[in-house]
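Peer 1: Chain by chain, the residues run as shown.
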Amino acid sequence: MLTEKSIMKILQASQWHKRLFLATAIVSAIAAAPGVQAQESGMRVFKDPVTGQLRAPTAEESAALDAQIKADQASQAGRVSTQARMKRAVQEVRADGSTMMQLDESQMTYSVATRNADGSVGMACVTGDETADKLVNSGSSANTPATAAHSKEHNHEEK
Amino acid sequence: MKKNKTLALKSIATAGAFALGMSGAATAFGAATLVIVNSNVANEGFNDTTPAAPVGGNIGTTLGQQRQIAFQAAANKWGATLTSNVPIIISASVVPLSCSANSAVLGSAGATSVFRDFPGAPIAGSWYSGALTNKLTGADQNGGAPQIVARFNSNLGQANCLAGSPFYLGLDGNHGTAIDMVTVLEHEFGHGLGFQTFTSGASGAELGGMPSVWDNFLWDNTAGKRWVDMTNAERATSALNFRKLAWTGPNVSSKVTTVLSAGTQRLNISGPSASTAAGDYPVGTASFGVVLSSPGVSGQLMPVVDQPNGTGLACNPLTGGNALSVNGRIAMVDRGVCGFAVKAKNAQNAGAIGVVIANNAAGTAPGLGGTDPTVVIPVLSVSLSDATILKAALAKRTRTSSGVIANLGVDPNQYAGADKLGRALMYTPNPYESGSSVSHWDTSAFPNQLMEPAINGDLTHEVTVPFDLTFELLKDIGW
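Residue numbers (the working numbering), protein chains in the order written: chain A, 1 to 159; chain B, 1 to 479.
Think of the hints as simulated: they come from the structure by calculation, not from any bench.
It cannot be assumed that every hint is accurate.
[As the list claims (entries may be wrong)] Which bits of chain A does chain B cover? Going by a derived footprint, with three or more residues having C-beta under 8 Å, they are: (1) 91-102; (2) 105-112; (3) 127-136.
Quantities reported herein were computed from a predicted structural model and do not represent experimental measurements.
From the three backbone atoms N, C-alpha and C, an ideal C-beta is built for every residue, glycine too.
With the rest of the complex left out, here is chain A (with noise of 0.2 Å):
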């Protein structure tokens, strides 16, 4: 039976977990340092959502906007695209005679919410990270979620 004590030594021991703490030293290195905030220097054009007058964002906009250009950031860094990836994904083939695929981030799922035109929040499950960006940045309909059979089907257009 696994104990606490043996579940930290597989974590101590994973070669994975060295890595890990590589990165995670390196991530934090980096957002401490002070020069990184020039990266994000430049001018700023923010539109008013309901006038579409130019004006200077209020923080929480401004905020919002911070978190979106690292969300696209973390989003594009490395990007590959899913053939490419796909071409360079290599079989390991091992000693006991099984074989080993890594896997990348377009083979993982994601979960995809949009607000519909009646104010609903529709879901999706989708496969691949460009998909799921494709799905957020169309603005496509995502699956509209039903609580009963009457109304359970996938996506109700009006016309």
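Assemble the complex: chain A is given as a structure, and chain B must be docked to it using the hints.
Peer 2: For chain B alone, coordinates are given in the frame of chain A:
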């Protein structure tokens, strides 16, 4: 019975990450240990120190703590359900993900690696998720690396990130209009555990030229083949075969009648002139009109023709021959120009006892939106391809008789979300929806299931019979 062995792990601060905890509450199903490894940096995600009031049984007092507890709750559910003597390690983080004002990635998860042809593999030449491989071999096959990676959105609900629709971090399911994080986590963890094919539904191409264990259980009712026996082109076609792709695993099949409700909404065609058009058709249902029921409403099917090209839109009150033909019968109306409810009301005003809307574009029968409480007849839709078959059968008719009988109702012997042989259906929308297809239950399943492509608001956190078929499918693939 085993004892509950849920533990909490200490922080491994020196390694830059720490395990949130492990779960393995033993139940009649068994026990597995899920270790959630916090991959967030300081003050981010799980480490966010923003004060938060306890909610719905989540006793965390900071946003970060509440996120940890929600993740642990989802892990606990799977830990209490699955059996494995190898810890399932999930690298988890809550970070900014793609957002817009009206759309957002809630989160993602997936297996980090797959294995095939390992000693004792139940099915040779098929990919298994890392966590499942570890369970089946009884040993860690990947040097302690996480078998699952999960990332969730830290900005959800904030301005420009689906504002007003944040995660509900409570554990009681009382999420209201917010998005229940535990449910989304359970769904995504389910994929990471192996509830998915690694074969492309869009192209039919297998991962590395080899099928997933999943593909051994997919049976196309039209092709009469399993996915593993198909060509790439056949699989791509099968992924579009609306409500014709069934799961053949014995565990799921034996529990369909326990979990799903009897009765599938459908259009049945019969009558002396039906000929090859006779039979059942999948339908899109309407958000207005009466709910389809058994025995349903039957009558002669008569097309409305009010356009020069021979179609019938019924956007205006029906007159003359159209009013005569649909009176006391079921009207067939083409989609387009005006709302579905408008068409239905015009047919009803002419005396129609039901309406069949024919789609005007390729794809599945659309769900019919709209509101009109004065529509009191059943209304449904059929796909363009099915409408073409029906119109061919209606070609020879008089002004008041077609010899084609339509029944708008429910097949009481077919379970909601299963085929006529009682096998659960997988999601195969047409046109194809990238990634949503095949690795989910069909949306006709009722009661709603955790692993449908859309997470429905009435889901509980249960993953087992009698509420949910998810664990039965995982058992079919080896769990």
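Peer 1: Determine for every hint whether it applies to the structure shown.
Peer 2: Hint check results:
1. 91-102: This one holds; 8 residues, not fewer than the three required, reach chain B with a Cβ under 8 Å.
2. 105-112: holds (count 7)
3. 127-136: Since three or more residues must qualify, the claim that chain B covers the stretch 127-136 of chain A holds, with 9 doing so at under 8 Å.
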